[in-house]
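There are 2 protein chains.
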Amino acid sequence: MAPSSTPVSLPALPDGFLPALKRIVGDRGLLTKAEGILPHVTEQRGRFVGATACVVKPGTTGEVAQVIKLCQDHDIAIVPQGGNTGLVSAGIAFAEDRAIILNLSRMNKVRNLDPLNNTMTVEAGCILQNIQEAAAKADRFFPLSLGSEGSCQIGGNIASNAGGINVIRYGNTRALVLGLEVVTADGEIWDGLRSLRKDNTGYDLKQLFIGSEGTLGVITAAVLKLFPAMKERSTAFIGLRQLDDAPPLLGLAQSLIGEALNSFELIPRIALDFALKHGQDITDPLGQPYDWYILLEASAGTPQANLPLLFESFLEQALEAGLIHDAALAQNTAQADSFWRLRENITLCQKAEGGSIKHDIAVPLSAIPAFISKANAAVESYLPGIRPYPFGHIGDGNIHYNLSQPPGMDINDYLAHWDRLNRIVHDIVVDMGGSISAEHGIGRVKLEENLHYKSPLEIRMMQQIKQSLDPKNLMNPGKLLPVSPRS
Amino acid sequence: MAPSSTPVSLPALPDGFLPALKRIVGDRGLLTKAEGILPHVTEQRGRFVGATACVVKPGTTGEVAQVIKLCQDHDIAIVPQGGNTGLVSAGIAFAEDRAIILNLSRMNKVRNLDPLNNTMTVEAGCILQNIQEAAAKADRFFPLSLGSEGSCQIGGNIASNAGGINVIRYGNTRALVLGLEVVTADGEIWDGLRSLRKDNTGYDLKQLFIGSEGTLGVITAAVLKLFPAMKERSTAFIGLRQLDDAPPLLGLAQSLIGEALNSFELIPRIALDFALKHGQDITDPLGQPYDWYILLEASAGTPQANLPLLFESFLEQALEAGLIHDAALAQNTAQADSFWRLRENITLCQKAEGGSIKHDIAVPLSAIPAFISKANAAVESYLPGIRPYPFGHIGDGNIHYNLSQPPGMDINDYLAHWDRLNRIVHDIVVDMGGSISAEHGIGRVKLEENLHYKSPLEIRMMQQIKQSLDPKNLMNPGKLLPVSPRS
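So the protein lines, in turn, are chains D and C.
The numbering used here puts the first residue of the first sequence at 13, with every later residue one more than the last.
The numbering used here puts the first residue of the second sequence at 13, with every later residue one more than the last.
Bound conformation, chain D alone (with noise of 0.2 Å):
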C-alpha cells in the first residue's frame, strides 16, 4: 500500500530534454543534483523517500505551460508540488513514476488585493502565512489555518482542498476560492481568475482542480475570499457531561453564538493526561477531570458583538440543560492562548507515548459518538490494550482518529497493525455513510484504501473526467486514482 523507498535521484530522461527544461527556466530554476532533490523527494514526516531526475522551479506562468508542453512531447509525467506537507504523499515523485517534479515555490506573488470586494488574488507558490498577513495588512482576515500554515502553499492548500481549524465558520479552502488560474495537461493557461461571487455561466471548472491533488492541471494562481478583520474573539474551555452531549452542544452554540462560532475542538482526557505530561506549560484549566473536552472559540469584527455576553449565556444554558459539567473562559488573550497550546499538543504530545496509527476520518456530526463507542470497542477486541486517542474538528463531523500502541509493546510489531487497524476502523466509518479521508486527501497513501472502499461507478465517472482532461495520464499518475483504469 505505501510506496517503497527508493534512489532519490534517477537518470532516464531523453535527450535534450535536460537542456530545453534548463532553456525554459534558467538555471536557478532546476535541481538535479541529489543533495537539491532530496528535500523535494522527502515525505515532511520522513515516512518515505520518493525519486526524480529533476525538480523544475518555474518563475512565471508562461513557463509552466511551456514546461508541460515539453513533458507532452517528451511523455514524462509531471508532480506538482507546494510546500510538500501534504500527509499522503500526493506531491512526491516515486521511482516507478518516472517523473519530473514541478515545484510553484517561485511564484510567490500576491497579484492584486482588492479591499472592497474582499478578495485577493495570489500566486500558487504563495506560503499560507504570508497570504494571511497580506491579508491582516489590508484590514482584512483570510481563515485558511492549519498546522504547516509557515511553509505550505496556498497551491498545494487548494490542489488538496485543505481543512483546518476554521471550517465551521468559513468551510474547506474550496469555499475559499472564486477563481482559478491553471495549465492545462495541454500545456494551456486557463485564465479562470473570477473574482464573482455568481457566475451561472458553464459547468464550475475550478471546482474540479480544487481537490484534485494535481491529476488534472497546475493550479497556478487563485482569487481567495477575504473576510472582515476579526477584533475580538472569547475562547472556552469546556468539560463535557458525556461524548453523546457534543452534537447538541454544537446545535445551541450556533443558535446562541451564531456564525461567530469559528472552532469547535473535541480533546479526550487522554490527550490532556499526555500533554500534562509531555507537553510544556500545560495546565488543566479545570478543577477536576472529566472524560471528554470541548475548546470552542468565536470571534467578531466589533465589541459590540458582545462575544463575552452571548458565552456566559450559553454556558448558563448549556449547564441547565445537563450537558456539560463545568466550563472556563477565558478571561484574557494568554488564557486562551494556554487553551489552544493544549489542542496544538495533542498530536506532539502522543508521540512520546510510542506508535499512533492515525486515521482521518468523517461522519455525520450526529453519529460521531456512536462512531468513537463501536471504533473503541472494534480496536479494542482486535488489540487489547491500544489507547483510542480521538480528537479535533468534531464541530465539522470531523476525527483524527489516532490509536496508541499499547504501553510496553515493540513499535514495530504496533506499526505492524496499520493496515488491519485502517481496515476495521474504516468499515465502521463507511457503514456509517463516512469519509476515510475527511481533509488529508488521497495521494498515494490512502490509494488502495480508497478504491476498496469509493463505489466502481464513482471511481469510473473520475477516471472518464481525468481521461477526458489528461488522455496520456501524465498529470500526477498514480495518485488519487489508479495509472491504469481498472477492469
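Calculated from the structure, these hints are not laboratory results.
Every residue, glycine too, gets a C-beta built ideally from N, C-alpha and C.
Watch out, some of these pointers could steer you wrong.
What the hints assert, rightly or not - Within a straight-line C-alpha distance of at most 20 Å, the following computed DMTMM-like cross-link-like pairs (lysine to aspartate or glutamate) qualify:
| no. | chain 1 | residue 1 | chain 2 | residue 2 |
| --- | --- | --- | --- | --- |
| 1 | D | 466 | C | 203 |
| 2 | C | 466 | D | 200 |
| 3 | D | 149 | D | 244 |
| 4 | C | 466 | D | 198 |
| 5 | D | 466 | C | 198 |
| 6 | C | 466 | D | 216 |
| 7 | C | 466 | D | 203 |
| 8 | D | 466 | C | 200 |
| 9 | D | 81 | C | 470 |
| 10 | C | 370 | C | 439 |
| 11 | D | 370 | D | 461 |
| 12 | D | 466 | C | 216 |
| 13 | C | 81 | D | 470 |
Said to hold, decoys possible - Beta-carbon label-pair distances, calculated as ranges:
| no. | chain 1 | residue 1 | chain 2 | residue 2 | range |
| --- | --- | --- | --- | --- | --- |
| 14 | D | 141 | C | 334 | 35 to 41 Å |
| 15 | C | 320 | D | 320 | 16 to 22 Å |
| 16 | D | 495 | C | 45 | 53 to 59 Å |
| 17 | D | 484 | C | 334 | 57 to 63 Å |
| 18 | D | 347 | C | 320 | 30 to 36 Å |
| 19 | C | 396 | D | 484 | 54 to 60 Å |
| 20 | D | 159 | C | 332 | 39 to 45 Å |
| 21 | D | 163 | C | 394 | 52 to 58 Å |
Given chain D, work out where chain C should sit, using these hints.
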C-alpha cells in the same frame, strides 16, 4: 438566438417506445396528449412554446434509471424538468431536440431530516417552499429563497445553482448541497448522498452536476445543509449618498454586523417611483427622495445577538463617514414587510411602464458603480430616452440590469433592440471581468451569447467533460453547450 415557437406535441417516436415507457412509470406517469403537455413546454413568462412527444413523470429513482436506459437504447434525448420556473428555457424541449421531457415532480418526498447534523435529504421534485417549511418545523432554517419558491423544485434549483436573496450570508445553492443522488446518462444510479462537511476522497463530482442544467445526468435527490432557526431580524432602508458608497457601506456592515447580514439589495429611485405609481400598499420609507437605496437585513437565532444595537451603531458610523443620507430602521414586522414589498414590486411594477430588456450580470463588487455608470452611458447613447433600471443583489456583485423602454415608443420596436442592447451591456461586463449570467444560467436563451464571450479553451474543457459523461449527447442537448462540438 431565441428558439422558435412550434407545435406542442410531436409524433416521431420509435415503435414500442411509448408502451415501454408506460410499463416503467404506469399510466399516471406518462402524458402524451397536447393539453397535458402544454404547460410543460410553455416558458413561464410565455416567451416560448416548445414541443415534445411526451412528458414522463417517474415516481422513483429506479424508474428514472429505467427511463434513461430505454432512451439510450432508442437514442432519444431527455430534457430533465422541475417546476419549469427557469428564466433561460433550460427545462423545456424544443421541436429540433426531438426529446422527451422527464419531469421530477412526482418525486417529492423528504427522505430524512437530521437536526443534530443540520441536514435534510430530499427528492428532486420537492417544492422549495415545502422544504423551507419542513426545516422550520424541525426548528431549523433552509436559507434558499427566491421569487418562485412556491412552485420551483429543489432539483431545478440545484441544476441551475439558484441564487436568491440570502446569498451574501449562505452562498448560492451550490454552497447548500452536501450530497447528490444522480442518474447518469448511462442510466446508472450514483449514490452520492453524503451528509458530510468534509470529504477529500476524490474529485468532488457533485460540483459538476450542480449548475449543469441537466446536461450531464438527472439529479434525483440531495442532502441539503440546514441552519439554526432565525428568531430575530432587523431591517433597514437606507438612502445612499451616492452609488460609489455602496461597496464601502457593505464593508462597514460586514465588519459591524458580521455574518448576521442576510441581504444587501440595491434599489434605484426609478424603481421606487414605479412602485409608488403602480404598486399597492407602497410607501416611501424616507422623508426625501434619494437616487439610490439599500435594503439591508440581518437575522439571528437569539435576541441576545442584539441586532437593533448593532444596526444603530452601523447606521451612526455610516452617517458619520458620510456614506448615507438617511435611513429608516423597521420598528416592527409590518414595517420590515413594507420595505420588502417595495423590493418585491420592482419587477412587477416595471411591466406597467412597457417593454423591459433584461440582464443578469455580476462584476466584482468594487466595480459595480463603474459598471452602472458605463452601461447607463452606453445604452443612453445607443437609444436616447431608454430608462436604466439596475437593481438587486449588489452585496453579491449581482445586478439585474433591466432597461425600460423610452416612454411612448412602440413596445415591439423596442424589444427588437434586445440582442443589440445585450451585446452593448455584456461587452462592458466582460471587459470588467464579469459574468453575463450571474444566477439565471445559460439554457437555450443565452447559449449563443455565452459562446461569444467564453474562452474557446473553457468551452472545449466543458465539451470534453460532457463527452466523457454523456458520449451520445442525449442529456438536454443544445442547452448550455451547442449540440455539436465547435471546430
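Each hint, compared with the structure:
1. 466/D - 203/C: holds, 11 Å
2. 466/C - 200/D: Holds, because 15 Å separates the two Cα atoms, which is no more than 20 Å.
3. 149/D - 244/D: With a Cα-Cα distance of about 17 Å, the restraint between residue 149/D and residue 244/D holds, given a limit of 20 Å.
4. 466/C - 198/D: holds, 19 Å
5. 466/D - 198/C: holds, 19 Å
6. 466/C - 216/D: holds, 13 Å
7. 466/C - 203/D: Satisfied, since the Cα-Cα distance of roughly 11 Å is no more than 20 Å.
8. 466/D - 200/C: holds, 15 Å
9. 81/D - 470/C: holds, 18 Å
10. 370/C - 439/C: Roughly 15 Å between the alpha carbons, so the hint for residue 370/C and residue 439/C holds.
11. 370/D - 461/D: holds, 14 Å
12. 466/D - 216/C: It holds: about 13 Å lies between the C-alpha atoms, which stays within 20 Å.
13. 81/C - 470/D: Holds: residue 81/C and residue 470/D sit about 18 Å apart, inside 20 Å.
14. 141/D - 334/C: 35 to 41 Å: holds, 37 Å
15. 320/C - 320/D: 16 to 22 Å: holds, 19 Å
16. 495/D - 45/C: 53 to 59 Å: With a Cβ separation near 55 Å, residue 495/D and residue 45/C satisfy 53 to 59 Å, so the hint holds.
17. 484/D - 334/C: 57 to 63 Å: holds, 60 Å
18. 347/D - 320/C: 30 to 36 Å: holds, 32 Å
19. 396/C - 484/D: 54 to 60 Å: holds, 57 Å
20. 159/D - 332/C: 39 to 45 Å: With Cβ atoms ~42 Å apart, the hint holds.
21. 163/D - 394/C: 52 to 58 Å: holds, 55 Å
Taken one by one, the earlier hints all hold for this structure without exception.
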